[in-house]
Amino acid sequence: GENVEQHPSTLSVQEGDSAVIKCTYSDSASNYFPWYKQELGKGPQLIIDIRSNVGEKKDQRIAVTLNKTAKHFSLHITETQPEDSAVYFCAASIAVYNFNKFYFGSGTKLNVKP
Amino acid sequence: KAGVTQTPRYLIKTRGQQVTLSCSPISGHRSVSWYQQTPGQGLQFLFEYFSETQRNKGNFPGRFSGRQFSNSRSEMNVSTLELGDSALYLCASSLIGDRGANEQFFGPGTRLTVL
Numbered sequence: 020g021e022n023v024e025q026h027p028s029t030l031s032v033q034e035g036d037s038a039v040i041k042c043t044y045s046d047s048a049s050n051y052f053p054w055y056k057q058e059l060g061k062g063p064q065l066i067i068d069i070r071s072n073v074g075e076k077k078d079q080r081i082a083v084t085l086n087k088t089a090k091h092f093s094l095h096i097t098e099t100q101p102e103d104s105a106v107y108f109c110a111a112s113i114a115v116y117n118f119n120k121f122y123f124g125s126g127t128k129l130n131v132k133p
Numbered sequence: 535k536a537g538v539t540q541t542p543r544y545l546i547k548t549r550g551q552q553v554t555l556s557c558s559p560i561s562g563h564r565s566v567s568w569y570q571q572t573p574g575q576g577l578q579f580l581f582e583y584f585s586e587t588q589r590n591k592g593n594f595p596g597r598f599s600g601r602q603f604s605n606s607r608s609e610m611n612v613s614t615l616e617l618g619d620s621a622l623y624l625c626a627s628s629l630i631g632d633r634g635a636n637e638q639f640f641g642p643g644t645r646l647t648v649l
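Sequences listed follow chains L and H, in order. So the first sequence is numbered by the numbering used here: it starts at 20 and just counts up by one. So the second sequence is numbered by the numbering used here: it starts at 535 and just counts up by one.
Looking at chain L on its own, in the form it has when it is part of the complex:
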């Protein structure tokens, strides 16, 4: 089955700096890659996603890039703010017709220091 690895497990940056979180996947059939932000005491919140027919997607301060050949994708957060502090999860999904199966990375705890 699919295996998703996520690095780093913890990341500490100064407010205003950029943060990059990387994930690799093993199954070339994966075609949908969402990123989730989980704050303390809450469920994961979908913040951005990318499909396999796209190489890059941006939404304000966050962007995701996908390299299908190398089987890796990354989350980029620019101009980080203290409210960006949370645990971030990547996932890879194999979609067959109308059914998805999601495989999650182990999470990255991001700490943005004011």
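Think of the hints as simulated: they come from the structure by calculation, not from any bench. Remember, predicted model here, so these are calculated numbers, not experimental data. We put the CB at the ideal spot given by N, CA and C, even for glycine. Don't take each hint at face value.
[Said to hold, decoys possible] Computed footprint of chain L on chain H, listed as stretches where at least three residues anywhere in the stretch have a Cβ under 8 Å from a Cβ of chain L:
#	region
1	553-561
2	593-604
[Said to hold, decoys possible] Quick list of simulated restraints, FRET-style, between CB atoms:
#	chain 1	residue 1	chain 2	residue 2	range
3	L	V39	H	P573	21 to 29 Å
4	H	F594	L	L59	43 to 51 Å
5	L	G35	H	G550	46 to 54 Å
6	L	K132	H	G576	22 to 30 Å
7	H	E616	L	L59	22 to 30 Å
8	L	S31	H	R601	37 to 45 Å
9	H	E637	L	Q79	12 to 20 Å
10	L	R80	H	E637	18 to 26 Å
11	H	G550	L	E98	46 to 54 Å
12	L	N130	H	T548	45 to 53 Å
13	L	S31	H	S556	20 to 28 Å
[Stated by the list, open to error] Dumping the calculated DMTMM-like pairs for lysine to aspartate or glutamate here, alpha-carbon to alpha-carbon at most 25 Å:
#	chain 1	residue 1	chain 2	residue 2
14	L	K128	H	E609
15	L	K41	L	D68
16	L	K120	H	D619
17	H	K591	L	E24
18	L	K120	H	E609
19	L	K87	H	E637
20	L	K41	H	E637
21	L	K56	L	D46
22	L	K77	L	E98
With chain L fixed as given, assemble chain H onto it according to the hints.
Frame of chain L, contents of chain H only:
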């Protein structure tokens, strides 16, 4: 539109008891998935329901079961609770369409503590 809701939010049980958790998906979403989240194992897939049928199941013992009702609401049951079942149980819903991969939206979770 209201998000995914889960009840109860917190639950304390003792070993050997059973528990039922409830999930109401986003209106119009017919797929409901359940996950177990623990600090050591991360997010692990339990099962997925669509139109009252379990379509996919993760690698959990038979003590973990679920069902889905005609209004897409879902319940998850854990019988003969063990200490290791202490976790955050997350429900996620998806709008099933015909364009392949579908976004999955999570609820706030139910924090289960087994004493």
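Outcome of the hint check:
For the region 553-561 of chain H, the stated coverage by chain L is violated: 0 residues have a C-beta nearer than 8 Å to a C-beta of that chain, whereas at least 3 were required. Only when three residues or more bring their CB closer than 8 Å to a CB of chain L does the claim for the region 593-604 of chain H stand; here the count is 0, and the claim is violated. Between V39/L and P573/H the beta carbons are some 24 Å apart, a value that agrees with the proposed interval 21 to 29 Å. Taking the beta carbon of each, F594/H and L59/L are about 26 Å apart, not inside 43 to 51 Å as hinted.
Evaluation of the 46 to 54 Å hint for G35/L and G550/H yields a pass: the beta carbon distance comes to about 53 Å. The given range of 22 to 30 Å is respected by K132/L and G576/H, whose C-beta atoms sit roughly 25 Å from each other. Distance hint check for E616/H and L59/L: the Cβ-Cβ separation is about 26 Å, which falls inside the suggested range of 22 to 30 Å. Against the hinted window of 37 to 45 Å, the Cβ-Cβ separation of S31/L and R601/H comes to about 44 Å, which satisfies the hint.
Roughly 18 Å separates the CB atoms of E637/H and Q79/L, a value that falls within the hinted 12 to 20 Å. Remark: the range hint 18 to 26 Å for R80/L to E637/H is upheld by a beta-carbon distance near 20 Å. G550/H and E98/L have their C-beta atoms about 52 Å apart, which keeps the hinted 46 to 54 Å range intact. Checked against the given bound of 45 to 53 Å, the beta carbons of N130/L and T548/H, roughly 36 Å apart, lie outside it.
A C-beta distance of roughly 38 Å is found between S31/L and S556/H, which places it outside the suggested range of 20 to 28 Å. For the proposed pair K128/L and E609/H, the alpha carbon gap of about 30 Å is over 25 Å, so the pair is violated. Between the alpha carbons of K41/L and D68/L the distance comes to roughly 14 Å, so the proposed pair stays at or under 25 Å and holds. Between K120/L and D619/H the CA atoms are separated by roughly 23 Å; this keeps the pair inside 25 Å, and the hint holds.
Between K591/H and E24/L, the direct Cα distance comes to roughly 22 Å. Compliance with the 25 Å bound is thereby established for this hinted pair. The hinted pair formed by K120/L and E609/H meets the criterion: a straight-line CA distance of about 20 Å does not exceed 25 Å. For the given pair, K87/L sits about 20 Å from E637/H by alpha-carbon distance, which is consistent with the 25 Å threshold. A C-alpha spacing of about 20 Å is found between K41/L and E637/H, which places the hinted pair at or below 25 Å, so the restraint holds.
In summary, the hint linking K56/L to D46/L is supported, as the alpha carbons are separated by about 24 Å, within the 25 Å threshold. Only pairs whose Cα atoms come within 25 Å are accepted, and K77/L paired with E98/L is accepted, the gap being roughly 14 Å.
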